[in-house]
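Residue numbers (my numbering), protein chains in the order written: chain W, 1 to 231; chain B, 232 to 353; chain R, 354 to 585.
No lab work stands behind these hints: they were computed from the structure.
Just so we're clear, the structure is a prediction, and the values are computed from it rather than from any experiment.
Watch out, some of these pointers could steer you wrong.
[Stated by the list, open to error] Below 20 Å or equal to it, Euclidean Cα-Cα: the simulated DMTMM-like pairs (lysine to aspartate or glutamate) are:
| no. | chain 1 | residue 1 | chain 2 | residue 2 |
| --- | --- | --- | --- | --- |
| 1 | W | K39 | B | D272 |
| 2 | R | K492 | B | D245 |
| 3 | W | K226 | B | E324 |
| 4 | W | K103 | B | E324 |
| 5 | R | K492 | B | D266 |
| 6 | W | K89 | B | E324 |
| 7 | R | K373 | B | D245 |
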Amino acid sequence: MRPQVVTTGIVLSRRDYQEADRIISVLMPDQGKISLIAKGVRRPKSKLAAGIELFSVSELTYLPGRSDLKTLISSRLIQHYGNIVKDIKRTMLGYEFLKALSKVIEETAGGEYFDLLQHGLAGLDNFDIPIEVVETWFNIHLLDMTGHAPNLRTDSNGAALEPGKTYIFSFDEMTFAPGSEGQPTTDLIKYLRMAHVSTTPALLAQVQAAEELRAIALQMTKSMLKYTLRV
Amino acid sequence: MKILLIEPDKKLGDIYKRALVQAGHTVKWAAHAQDAVHSADDSKPDVIVLELQLASHNGIEFLYEFRSYAEWQTIPVILLTMVSPQSLNITREMMQAFGIVECLYKPATNLKQLVNAIEDLS
Amino acid sequence: MGFGNDARERLLKALAEQLKLPLLQIAREAELAHSNKDATALSSISYTADMALRLVDSYLLSVQLQALPMLELEPVSVSAMLQDTAHQLNALAKQYDCDLEVHLGGKYEPVMAHRQSLEAAFATLGYAFIEATPTAEQKHTIILGAHRSNKGLVTGIFGTQDGLNADMLRRGMALFGTAKQAVPSLAPSSGAGIFVADSLLKNMEAPLHLSRHNKLSGLAATLLPSQQLQLV
Chain W
1 MRPQVVTTGI
11 VLSRRDYQEA
21 DRIISVLMPD
31 QGKISLIAKG
41 VRRPKSKLAA
51 GIELFSVSEL
61 TYLPGRSDLK
71 TLISSRLIQH
81 YGNIVKDIKR
91 TMLGYEFLKA
101 LSKVIEETAG
111 GEYFDLLQHG
121 LAGLDNFDIP
131 IEVVETWFNI
141 HLLDMTGHAP
151 NLRTDSNGAA
161 LEPGKTYIFS
171 FDEMTFAPGS
181 EGQPTTDLIK
191 YLRMAHVSTT
201 PALLAQVQAA
211 EELRAIALQM
221 TKSMLKYTLR
231 V
Chain B
232 MKILLIEPDK
242 KLGDIYKRAL
252 VQAGHTVKWA
262 AHAQDAVHSA
272 DDSKPDVIVL
282 ELQLASHNGI
292 EFLYEFRSYA
302 EWQTIPVILL
312 TMVSPQSLNI
322 TREMMQAFGI
332 VECLYKPATN
342 LKQLVNAIED
352 LS
Chain R
354 MGFGNDARER
364 LLKALAEQLK
374 LPLLQIAREA
384 ELAHSNKDAT
394 ALSSISYTAD
404 MALRLVDSYL
414 LSVQLQALPM
424 LELEPVSVSA
434 MLQDTAHQLN
444 ALAKQYDCDL
454 EVHLGGKYEP
464 VMAHRQSLEA
474 AFATLGYAFI
484 EATPTAEQKH
494 TIILGAHRSN
504 KGLVTGIFGT
514 QDGLNADMLR
524 RGMALFGTAK
534 QAVPSLAPSS
544 GAGIFVADSL
554 LKNMEAPLHL
564 SRHNKLSGLA
574 ATLLPSQQLQ
584 LV
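With the hints as constraints, model all of the structure from the sequences given.
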């Protein structure tokens, strides 16, 4: 009998496959992104959950094999971030996280993104953390992990960023360039640095920042993602 | 048209169903996302009218599941929801991705407007 | 005793969100009745309006009583209270295809309570349970029941709906007024009725908790028997 593999994973997506099966794309901390085939769970008898809730960490047992599709044997819920679906905006953002990672991670790679996703979902699950803080945190870390982190230390000339000076952000170079038409960015740069060093959204939420600043930081990181990763 | 109405409140579901039937449409009414998936299998709707705030699984979860099936990619969805436009803040990209053709805010949409929105699709 | 400003604001938000539903039901029912010249809809509209008003009044009562240094408690018959509540809710329950039953395991001594709060809390809680009635095909049963425990008289409302558990309730209590659906498996709307009821019962130091009655899950308050009448 083939040995079974037991691991944890977060479901990124589900889609139908042939007559009765579903393909589940899962992100695991060790193997990265893997596609598993769940046999016989397609409608009309399918459950929305199929024992594999979205926005959860599950323990998954599957049969390894040479083909790209491994067969899912069983799953068990370990942690369900059930609060996310109580808010439509958080649900939509949760799905955006899953979609973004599905796009940037190649098959059988990306185990290092598991923590990013888990912390992101945990952040969304906690209503004490403003949604824009979670999103900014996720964006900045996704940019970092994909090699597109903005330069928050030096300007386009290589000089250290100075407080009180005005800069314009260049999306081409992902760096701040000095410019008289720019906006004072000291607080924004500080906040983005804090986002970068915060290991979880909860830590970033503790940083004192005005709502307007948070909104600007979010918009900026969203634009960065759109420009670099097209997500 | 064949309409799949996804509405969790019994009273509202009954009212909307009666209004749509009176306007000459066939209506299948599901109160839950799971029931809605089963109903779509049975009734093969032409259009879906969807409340986002459902019990257990919300409307966004339903749409993700629904659109993961190849044969359900093109069925248009009209959101008829209690979530206000400023709270929902749905982007054009998301509407396109989900095949949402219209977002109607329930308190601001009377029955005639609902019927018109559906008939505009045909 | 009582909530801080933050909790009060959240309760008000949940209440405002909740009131959209009965008002919408009234508006659409009236529109349909007008186009069909259907007079029977008027009674449905009337019950809906009454329950919505009851919800608002319950909320106002909870706020008013929180401001008092002390509540005036009196012996209240739980059996009579539950029977009255069932009578009030019966017409609305029928509209939702609900069977409403009162289950009392025997005769119970009166409990010390603020009568008005207790009645308002159970009417409001009952309304929330009725409104959470699941799918059209299924007949739904709601029990207004009481049974003894070693802590007092457990009095509550129990139903056949799925998904009611301690974790769901705890999360819902933390999220009302913040999440649009604090307890989605029980109430697709804000579930304000549950939180208003809890607010009223908390004033009597008898907050809602998860409970079971005859194999059904529900929400209940544990009330203390009146010592006065035991001395008679």
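Here's how the hints hold up against the structure:
Note on W:K39 and B:D272: the hinted pairing holds, with a Cα-Cα distance of about 19 Å set against a maximum of 20 Å. In summary, the hint linking R:K492 to B:D245 is supported, as the alpha carbons are separated by about 16 Å, within the 20 Å threshold. Of the supplied pair hints, the one linking W:K226 and B:E324 holds, its CA atoms being roughly 13 Å apart against a limit of 20 Å. Among the hinted pairs, W:K103 with B:E324 is consistent with the structure: their alpha-carbon atoms are about 16 Å apart, no more than 20 Å.
Restraint check: the Cα-Cα separation between R:K492 and B:D266 comes to about 16 Å, which is no more than 20 Å; the hinted pair holds. For the proposed pair W:K89 and B:E324, the alpha carbon gap of about 15 Å is at most 20 Å, so the pair holds. With a C-alpha separation of about 17 Å, the suggested pairing of R:K373 with B:D245 holds against the 20 Å cut-off.
Checked against the numbered hints given earlier, this structure breaks none of them.
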